[in-house]
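Use these hints to put chain B onto chain A, whose structure you have.
Chains A and B, in that order, give the protein sequences. Position 276, counted from 1, in the first sequence is what the numbering used here calls 278; the numbers after and before it change by one each time, with no gaps. Position 290, counted from 1, in the second sequence is what the numbering used here calls 437; the numbers after and before it change by one each time, with no gaps.
By construction, these hints were calculated from the structure, which means they are not laboratory data. Hints are supplied without guarantee of correctness; some may be wrong.
[As the list claims (entries may be wrong)] Some but not every residue of chain B turned toward chain A, in silico, with C-beta under 10 Å:
| # | residue |
| --- | --- |
| 1 | Gln250 |
| 2 | Gln268 |
| 3 | Ser273 |
| 4 | Asp277 |
| 5 | Ala391 |
| 6 | Ala429 |
| 7 | Ala432 |
| 8 | Asp573 |
| 9 | Asn579 |
| 10 | Ser607 |
| 11 | Ile608 |
Just so we're clear, the structure is a prediction, and the values are computed from it rather than from any experiment. Here a beta-carbon is modelled for each residue, glycine too, at the ideal position from N, C-alpha and C.
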Amino acid sequence: MSLPPPTAVLEGGRKAAIQSRRKNLTFDKVSFMAVFLGIPLAIYLVFVIWPFLQAFVYSLTDWSGFSPNYKFIGLDNYARIFTDDQFLKALSNNVILLIIVPLVTVVLSLVLAALVTVGGSSKGQVKGLKNSSFYRVVSFFPYTIPAVAIGIMWGQIYDPSGGLLNGALNALGLNFKDYAWLGNTNTAMACSIFVIIWGFVGFYMVLFIAGIKGIPAELFEAARIDGAGRFRTAVSVTIPMIRDNIQTAYVYLGIFALDAFVYMASLFPNAGGPENSTLVMSQQLFFTAFQRGQFGMATAMGVILAVATLLFSGLVFLVNKLTGGTDGGRL
Amino acid sequence: MNVQQSFARRGFLRGALATAVLAPMGGALASCASGGTTTTGPTGTVSDTNPFGLADNSTVDAVIFKGGYGIDYVDFAGSIFNKNHQGSTAKISPSTAISTELQPRFAGGNPPDLVDNSGAQSIGISTILDQLEDLQPVVDAKNLEGTPIKDTLYEGVLAPGTFNGKLVAINYVLTLFGVWYSASLFEANGWAPPKTWDEAFELGEKAKAKGKYLFLWGKEAASYYLELALSSAIKEGGDEVRVALENLKEDSWKHPALTKVFEALDKHVKAGHFKPGGSGTAFTAAQAQWSNGQEALLYPSGSWIENEMKDQTKADFKMTGAPVPTPSSSPKMPYEALHSGGGEPFIVPSQAKNKAGGKEILRIMLSKDAAANFAKTKLAPTVVKDTVPADGFGSTALVSQTKMLDAAGKNVFNWQFLDLYGMNKDVLVVWNAFLDGKSNAAKLAEDMQKMSDKIRNDSSIKKVEIK
Chain A
3 MSLPPPTAVL
13 EGGRKAAIQS
23 RRKNLTFDKV
33 SFMAVFLGIP
43 LAIYLVFVIW
53 PFLQAFVYSL
63 TDWSGFSPNY
73 KFIGLDNYAR
83 IFTDDQFLKA
93 LSNNVILLII
103 VPLVTVVLSL
113 VLAALVTVGG
123 SSKGQVKGLK
133 NSSFYRVVSF
143 FPYTIPAVAI
153 GIMWGQIYDP
163 SGGLLNGALN
173 ALGLNFKDYA
183 WLGNTNTAMA
193 CSIFVIIWGF
203 VGFYMVLFIA
213 GIKGIPAELF
223 EAARIDGAGR
233 FRTAVSVTIP
243 MIRDNIQTAY
253 VYLGIFALDA
263 FVYMASLFPN
273 AGGPENSTLV
283 MSQQLFFTAF
293 QRGQFGMATA
303 MGVILAVATL
313 LFSGLVFLVN
323 KLTGGTDGGR
333 L
Chain B
148 MNVQQSFARR
158 GFLRGALATA
168 VLAPMGGALA
178 SCASGGTTTT
188 GPTGTVSDTN
198 PFGLADNSTV
208 DAVIFKGGYG
218 IDYVDFAGSI
228 FNKNHQGSTA
238 KISPSTAIST
248 ELQPRFAGGN
258 PPDLVDNSGA
268 QSIGISTILD
278 QLEDLQPVVD
288 AKNLEGTPIK
298 DTLYEGVLAP
308 GTFNGKLVAI
318 NYVLTLFGVW
328 YSASLFEANG
338 WAPPKTWDEA
348 FELGEKAKAK
358 GKYLFLWGKE
368 AASYYLELAL
378 SSAIKEGGDE
388 VRVALENLKE
398 DSWKHPALTK
408 VFEALDKHVK
418 AGHFKPGGSG
428 TAFTAAQAQW
438 SNGQEALLYP
448 SGSWIENEMK
458 DQTKADFKMT
468 GAPVPTPSSS
478 PKMPYEALHS
488 GGGEPFIVPS
498 QAKNKAGGKE
508 ILRIMLSKDA
518 AANFAKTKLA
528 PTVVKDTVPA
538 DGFGSTALVS
548 QTKMLDAAGK
558 NVFNWQFLDL
568 YGMNKDVLVV
578 WNAFLDGKSN
588 AAKLAEDMQK
598 MSDKIRNDSS
608 IKKVEIK
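Just chain A, with the same shape it has in the complex (with noise of 0.2 Å):
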C-alpha cells in the first residue's frame, strides 16, 4: 500500500485533489468511509429505522407475537383502536398529562432557577438566595433516584391507612383517616401528576441554571439600573435568553409526558387505576402485547403514539417560531 508523500496533496491544484480522490480508493479511504460513515449508516438503519419500518408492517397484521406466522389485515387494527373505548381513555389520560407536566414542570423549575441563580439580594453582584448551592443539590435528588423507586416510595406516602400524607394531615387535625389518594378518581391522576413533577423538576432546574449562567451578567446588572425588579428581570431577560433551553425541556416532557409508563406502573400495578383514569397509551399497549398477546394491535398503538409524539414537538417548534423564537429552536 502506498500513500502519496503529503507534500505533494498541497502542492497539486484542486482538479487535481478531486481527480485523485475519485482514482485513489485507496484501502485506507474505503476503510475510513466504512468505519466512519457507513457503520453509523448502517447502525441507524438496522437499528432505527428498520425497526420503525418493521413496527408499521407489523401493525398491518394480527400478529401474536408469540408465532411466526401472521397475516395482513389492511388498518383493521386502527379501527379497532379508534373505537376501542380505553384505549381513547388512555389517550385523554396521556393529553392531560401533555397539558399539565410539561408546564408546570417547566415553570416551576425555571422559578427555582432563578431564584438560585439571580435572585438574591438586590445589592451588589447578581446572585442568588442565601445557600443556594445546598438547594441546587436538595432539589436535585428526586432526579437520582430510579423512576421505580419513587412510584412504590409515593404508592407508601399515599397509603390509606399508614401512609405518610394521611398521618400528616391527620396530625394537623384534618380527618383523612383511611382515604385512599390513590384509589380515588378524583385525586389519582392529580397525586400522579405531582409525583412525576417531583422527581422532574430538580433536573429541569439543573438544566435552567446552565443555561441562566450562561446569560453575560451585565445584562442583569444594566436590567437592574433601569430599575427592573426581579420579576421583570426573569420575564425580560432571563427567559428570552433562555429560550431554546425552555423548548428543548418543553419537548422532552411532552415525550415523557406521552410515555409515562414507568410511573403509572408502579404506582398503579397490574392496572390503569381508579375507573382506568391514570391508564395511559404505553400500559395499554403493554397489556394488549403480552398479556392479550395481540402484538400487530399493540405495535399500531406504539405507531399512534409516535405519530403523536412528532405531532407534539412540532407544535412546539410552531408555537415557539410564532412568538417570536430565534431560528426555529435547537435540540
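Same frame as chain A, now just chain B:
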C-alpha cells in the same frame, strides 16, 4: 519504524475493526431471518426408564418463573435428571418476566424445552395454544417408582391445563381457594367461619362490635373478591353458572346465583364490613393488616397465602382455610365444594429442540422424591397425592388444605376464562370501584357483562370452548 509498515498495520486494524463491528450485525440479521424453522433434535431409544426417547448426551433448556416458590425445586429435579441420564445435562434458568423474556424466542422458533409459564407476566396461553406439545404422554407414562403418573394425581388437577380437549399445561402446584382466618382469634372469640352469606353478615356485625372489619383488600388483589364471588355462585347455582361464564355467554353475569352473591357482597360493603381505602393500598400491605394487624377477620385467597405472608404473620395466628360461604343453606354443590386451581403451569413448546428432555424433567418432578421435596420445602402440596404428612410439617394451613381437599372429594371446579382472555386488568378496575362502594351489585354485573361481551364480539380474539 518504517512509515509504510505502520500505515499498513493501521489499515489492517481498521479493516479488522470494521469486520468486528459488522460480523455480529450480520449474525443478528441472519438470526432475525431464521424464525419459523422447525428443528427436530436426535432421538434416543424409548424404554420404561426413557419413555420419551431422550437422546444421549443432550441438554435440556428449562426456563422457570422465579416467584414465591423459587426455582430450587426444579433444580432438585434437574439433579435427579443429571444422575439418571449420565452425559445429559439440565440447564435450569430463572426468569421473573416469562412473557417479555421468551416472546422473541417463541417468535423466532427457538423456545426452551420446558417453561414454567407463571407470574404476573406469564404468556397468555391462548396465544400459544397451537405451539404447545400434548402432555398426555407425560401423565400416561410411569413415574420413577413405576406407577402411571395419572394414578398418582389429585382429582381435577389436569382440567386447568386442558384446552380444546388437549392437555397443554401441567399445573405443578395444587392451589385451593377459600377464605382464610386466624384459628386462634376465632377460638378466643367463639367465632366460626360462615357457611352462608347471612352468617357472614352476622360475623361482620360481631367484628364491628370488636372494632374490626370482616374483610379488607389491596388494589392489585381486588380480583380475589371476584374469585370469592364466582366460587360462591358456582356452588350455589351449579356447574351451569361456570360453563356460561367460561364461554362468554350473553347475560351469563346475570345468573340468579351470581346476583345473590353480588347483592350479599354489596350489603357488606354498604354496612362498612370492608376496611376502607383498599383501592389505594398495596396488596401486600393490606394482607399484612390482616395477618399481622388482625384488622379484618377473613381474607379470600389461594393457598399460597401462608407462604406469601410467612414473615408478616402474627405469632400463633394459626392460619386456617375454609370453603367460601353460599347464599342459601342448600346450594346445588355441597358447602365443601372447592375451587381448586393449579399454580405453576409447565409447558413444552412444540418447536423446542429437546422436547423429550422437557417431558422427562416433568416426569421426574411428578415422581415421589421431587414432589415430596416440594411439599416439604414450600409448605404447599403439589398435584401429586400423599406427599404431605398428617402434621402438615407443623403448618395449620397445610393441614386445613388437606382436610378441605378430602372433604371436597370430586366436588372441585376451576375456571379459565379470566386468564385465557387476559381480563385481570379490567377486572381490577371494576372490583376496586365496587369494593370502594362507588358502584353496586347491579352495576357490577353490568360491568362484568360488558367486559365479557366485548371479548365475545371481538373477532380478533381467538375463543376457546370450555366444557
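Structure-based check of each hint:
With a least beta-carbon distance of about 6 Å to chain A, the hint placing Gln250/B at the interface is held under the 10 Å criterion. Annotation: interface hint on Gln268/B holds; nearest CB of chain A at approximately 6 Å, less than 10 Å. Taking 10 Å as the C-beta cut-off, the interface hint given for Ser273/B holds, the closest approach to chain A being about 7 Å. Below 10 Å, beta-carbon pairs count as interface contacts, and Asp277/B has one with chain A at about 8 Å; its hint therefore holds.
Hint status for Ala391/B: violated, given a least beta-carbon distance of 22 Å to chain A, over 10 Å. A cut of 10 Å between beta carbons decides the hint on Ala429/B: the least distance to chain A is about 6 Å, and the hint holds. A distance limit of 10 Å between C-beta atoms decides the matter here; for Ala432/B the minimum to chain A is near 6 Å, and the interface restraint holds. The interface hint given for Asp573/B holds, since its Cβ lies 8 Å from the closest Cβ of chain A, which is under the 10 Å cut-off.
Given the 10 Å rule on beta carbons, the hint for Asn579/B holds: about 6 Å separates it from the nearest Cβ of chain A. The closest approach between the C-beta of Ser607/B and any C-beta of chain A is roughly 6 Å, which is under the 10 Å cut-off, so the hint is satisfied. A cut of 10 Å between beta carbons decides the hint on Ile608/B: the least distance to chain A is about 7 Å, and the hint holds.
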